[in-house]
Amino acid sequence: GQSLEQPSEVTAVEGAIVQINCTYQTSGFYGLSWYQQHDGGAPTFLSYNALDGLEETGRFSSFLSRSDSYGYLLLQELQMKDSASYFCAVRDGADKLIFGTGTRLQVFP
Amino acid sequence: EAGVAQSPRYKIIEKRQSVAFWCNPISGHATLYWYQQILGQGPKLLIQFQNNGVVDDSQLPKDRFSAERLKGVDSTLKIQPAKLEDSAVYLCASSLMGFGEKLFFGSGTQLSVL
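Chains Z and V are the protein sequences, given in the same order.
Each residue of the first sequence is one higher than the one before, counting from 1 in the numbering used here.
Each residue of the second sequence is one higher than the one before, counting from 1 in the numbering used here.
Keep in mind that the hints are not guaranteed to be accurate.
[Said to hold, decoys possible] Below, simulated DSS-like cross-link-like pairs (lysine-lysine); rule was C-alpha separation at most 27 Å, straight line: (1) V:62 x V:78; (2) V:62 x Z:96; (3) V:15 x V:44; (4) Z:81 x V:102; (5) V:44 x V:78; (6) Z:81 x V:44; (7) Z:96 x V:102.
It is worth saying that the hints were derived from the structure and are not from the lab.
Nothing here was measured: the structure is a model prediction, and the numbers come from that model.
Build the full structure now, drawing on both the sequences and the hints.
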């Protein structure tokens, strides 16, 4: 079977750093994507890792370890607007994306 | 650049009725996806098109769900007859061919089956 596991909820305060982990077990693996979804909104793309290591995009960074079937999203200098759900998604096959269960991040002042 | 367009935004129907959703992807995006997102869960892929051909429909409940993509552009997803458990947000997404890691999603259709 295919599974992607994430913590269901994470809380933090403004200005802090938070890490959202994702472990996966899929039949095929091309890379790991991260998406953000605000309540009532559409998922929006944040980052993608095809190779091991860290990718940095502004306040957000994403890490992948293919040998451990593990990745994480790191959010720095948290802002209230970062309160949202975050999904990891495995690119399984050339253009197929399988989403995880999602992590709800709540940022407090 | 226009995003992925979906309609309607909301739909309320009774069980056993039929419903249809429409999607217009970003111009030039060959790959189109329909996802079902139940409240509190991640999006679940129902069907994937590349141009007007089906790439993957392994999780589409074919006894009640159908989808088509005419001329490789617009797409419609139909449910007939609807069940209570079909209540969800139906998301359409598109991507450039070969860039399946980066999907562009529409605002979705929130379906309530009573």
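Status of each hint after checking the structure:
1. V:62 x V:78: Judged against 27 Å, a Cα distance of about 10 Å means the pair holds.
2. V:62 x Z:96: Roughly 19 Å between the alpha carbons, so the hint for residue 62 of chain V and residue 96 of chain Z holds.
3. V:15 x V:44: 22 Å, holds
4. Z:81 x V:102: 22 Å, holds
5. V:44 x V:78: 16 Å, holds
6. Z:81 x V:44: 26 Å, holds
7. Z:96 x V:102: 10 Å, holds
Every hint, counting from the list given before, is met by this structure.
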